[in-house]
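Peer 1: The primary structure of each chain is shown beneath.
Number of protein chains: 2
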Amino acid sequence: MDRDALRLAAACADDARRIARGAFRSVVAVERKADATPVTAVDREIERRLRARIADARPEDGILGEEHGAEGTSRRRVWVVDPIDGTKAFITGSPLFGTLIALVDDGVPALGIVEMPALRERFVGVDGAATMNGRPCRVRPCPRLADASFYSPGPETLAVAGLDHALGDAVALRRYGGDCYAYCQLALGWVDLVVESGMAPYDFLALVPVVTGAGGTITDWHGAPLSLQSDGNVIAAGSPEVHAEALALIARHTGA
Amino acid sequence: MDRDALRLAAACADDARRIARGAFRSVVAVERKADATPVTAVDREIERRLRARIADARPEDGILGEEHGAEGTSRRRVWVVDPIDGTKAFITGSPLFGTLIALVDDGVPALGIVEMPALRERFVGVDGAATMNGRPCRVRPCPRLADASFYSPGPETLAVAGLDHALGDAVALRRYGGDCYAYCQLALGWVDLVVESGMAPYDFLALVPVVTGAGGTITDWHGAPLSLQSDGNVIAAGSPEVHAEALALIARHTGA
Numbered sequence: 001m002d003r004d005a006l007r008l009a010a011a012c013a014d015d016a017r018r019i020a021r022g023a024f025r026s027v028v029a030v031e032r033k034a035d036a037t038p039v040t041a042v043d044r045e046i047e048r049r050l051r052a053r054i055a056d057a058r059p060e061d062g063i064l065g066e067e068h069g070a071e072g073t074s075r076r077r078v079w080v081v082d083p084i085d086g087t088k089a090f091i092t093g094s095p096l097f098g099t100l101i102a103l104v105d106d107g108v109p110a111l112g113i114v115e116m117p118a119l120r121e122r123f124v125g126v127d128g129a130a131t132m133n134g135r136p137c138r139v140r141p142c143p144r145l146a147d148a149s150f151y152s153p154g155p156e157t158l159a160v161a162g163l164d165h166a167l168g169d170a171v172a173l174r175r176y177g178g179d180c181y182a183y184c185q186l187a188l189g190w191v192d193l194v195v196e197s198g199m200a201p202y203d204f205l206a207l208v209p210v211v212t213g214a215g216g217t218i219t220d221w222h223g224a225p226l227s228l229q230s231d232g233n234v235i236a237a238g239s240p241e242v243h244a245e246a247l248a249l250i251a252r253h254t255g256a
Numbered sequence: 257m258d259r260d261a262l263r264l265a266a267a268c269a270d271d272a273r274r275i276a277r278g279a280f281r282s283v284v285a286v287e288r289k290a291d292a293t294p295v296t297a298v299d300r301e302i303e304r305r306l307r308a309r310i311a312d313a314r315p316e317d318g319i320l321g322e323e324h325g326a327e328g329t330s331r332r333r334v335w336v337v338d339p340i341d342g343t344k345a346f347i348t349g350s351p352l353f354g355t356l357i358a359l360v361d362d363g364v365p366a367l368g369i370v371e372m373p374a375l376r377e378r379f380v381g382v383d384g385a386a387t388m389n390g391r392p393c394r395v396r397p398c399p400r401l402a403d404a405s406f407y408s409p410g411p412e413t414l415a416v417a418g419l420d421h422a423l424g425d426a427v428a429l430r431r432y433g434g435d436c437y438a439y440c441q442l443a444l445g446w447v448d449l450v451v452e453s454g455m456a457p458y459d460f461l462a463l464v465p466v467v468t469g470a471g472g473t474i475t476d477w478h479g480a481p482l483s484l485q486s487d488g489n490v491i492a493a494g495s496p497e498v499h500a501e502a503l504a505l506i507a508r509h510t511g512a
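From first to last, the protein sequence lines stand for chains A and B.
All residue numbers in the first sequence are consecutive under the working numbering, ending with 256.
All residue numbers in the second sequence are consecutive under the working numbering, ending with 512.
Since the hints were made in silico from the structure, they are not lab data.
Wrong hints could be hidden among the right ones.
As the list claims (entries may be wrong) - Residues from chain B that keep clear of chain A, each with C-beta distances beyond 10 Å, as calculated: (1) ARG331; (2) PRO411; (3) GLU412; (4) LEU429; (5) HIS509.
Stated by the list, open to error - Label-pair restraints from in silico Cβ distances: (6) VAL284/B / VAL27/A: 50 to 58 Å; (7) ALA500/B / ALA57/A: 16 to 24 Å; (8) LYS289/B / ALA244/A: 30 to 38 Å; (9) SER282/B / GLY255/A: 37 to 45 Å; (10) ASP106/A / ALA504/B: 35 to 43 Å; (11) ALA500/B / MET1/A: 36 to 44 Å.
As the list claims (entries may be wrong) - Derived, one-sided and incomplete: chain A residues facing chain B with beta-carbon distance under 10 Å: (12) GLY177; (13) CYS184; (14) ARG252.
None of the values given here were measured: they were computed from a predicted structure.
The beta-carbon is built from N, C-alpha and C at its ideal position, and this holds for glycine as well.
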């Protein structure tokens, strides 16, 4: 990855940290979007700031953001931004919200940042490696799904009825919640499996270089690489064995 | 509260922070207790340290802890300790675990500390006030259950089938998880309702002075004050209106 792109991404993460920390646990009006999910002026302010910075530095690149839409997404390089992943955490005073910044190069997520403002933790995935605050991240071995620690957002959130329970019954430990941070826990080697549905590209593209840079696997539910065109069903695993076993379990449930 | 007891509780919280921070995200063997819940050597080490400190400073007081049992719990003053509330968070690398320290005086939880080692946040409830790192905590107004932000541990965790869904349908926003920290978010004025089942005295007694000191209400599902003898069904609300509405909804579901 060229150093200019890395510097730009880090400057975006610095902006997001400053704005989000300033607004965390201060009074912020919550609106509902058309899909009934919450959004705040802070989400919009962070995305506006990042889009302006990116457009200024790299006018030739495209940008896709959660709150302000898509521009030039057919270009070779596309920045993909989620200003606050975990808005429900943010507006309930939980520190487990993050800003997601990805750079997609020729269809491949080549750079990913998960910036956790309240925790002062930054996860960067690039050039086949992942770091947290500059220190290397590494997934842990996990030979069997039965030994895995598993996160999903909640019991009714997976696209196929009964799948969340089936996965929960197959693992050693299950937890709900976490949003982007569950993937960071996986990259750090403390979680073995995360499964989600209904994600948008700005929810998952930044996670790809972090998880794969830490030695893990993150794909759609067919085992295919994630891209701007993915269907939003995502599975991340620390070990190839857990990825394969969970994919097979998902296939049995989806009838694929 | 006498200053000696306050100093002792703070020294216990300091110990817990030091031990937990030293062990967080380092390799810790996980065992399963008879009830299949996980426990680590860190849980045991923190509790041993706190019990030794309390027994040394106040040999006349009783102690109840999650991992090492009860001693002298019929005495006038009883210390109640949960060394790691949120062991599943702790062993999966999530910072949302805490140490709970309560002092029960004549049956009443008179002092409560929620120490969050990884977050470097300490919540103290005593003498009718609550603080976070020394700054006052205050619940927020919430006139109706329909406006409330609601936390519960997970969909199947409440003692009565369907209750979690009914509460989730009645509120504006619902989130799973959080363990003790959900009550801290409530004391800070960012969450309006927390409902749980199957709690032990060491899970909830420290929360009582924090929630009530911040101006909230925390009771059992009949609206009765919490004590060493409570049945483990707990409801905490920031506003009296949400407490009353949620209690009524619970009563309809429990047939009480």
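Peer 1: Hint by hint, note whether the structure agrees.
Peer 2: The hints, checked one at a time:
The beta carbon of ARG331/B sits about 37 Å from the closest Cβ of chain A, which is more than 10 Å, so the claim that it is off the interface holds. The Cβ of PRO411/B does not lie farther than 10 Å from every Cβ of chain A; its closest approach is about 4 Å, which violates its non-interface assignment. At roughly 8 Å from the closest C-beta of chain A, the C-beta of GLU412/B falls inside 10 Å, breaking its exclusion from the interface. Its beta-carbon lying about 6 Å from the closest one in chain A, LEU429/B breaks the requirement of being farther than 10 Å from that chain.
With 10 Å as the threshold on Cβ separation, the claim that HIS509/B sits away from chain A holds: the shortest Cβ distance comes to roughly 18 Å. At about 39 Å, the beta-carbon gap between VAL284/B and VAL27/A misses the expected band of 50 to 58 Å. Between ALA500/B and ALA57/A the CB atoms are about 55 Å apart, so this pair departs from the stated range of 16 to 24 Å. Our hint of 30 to 38 Å for LYS289/B and ALA244/A holds, since their Cβ atoms are close to 31 Å apart.
Checked against the given bound of 37 to 45 Å, the beta carbons of SER282/B and GLY255/A, roughly 43 Å apart, stay inside it. Taking the beta carbon of each, ASP106/A and ALA504/B are about 59 Å apart, not inside 35 to 43 Å as hinted. With their beta carbons about 57 Å apart, ALA500/B and MET1/A fall outside the hinted range of 36 to 44 Å. The restraint placing GLY177/A at the interface with chain B holds, with a minimum CB-CB distance near 4 Å, inside the 10 Å limit.
Given the 10 Å rule on beta carbons, the hint for CYS184/A holds: about 8 Å separates it from the nearest Cβ of chain B. Interface restraint check: ARG252/A against chain B, minimum CB-CB distance 22 Å, threshold 10 Å, status violated.
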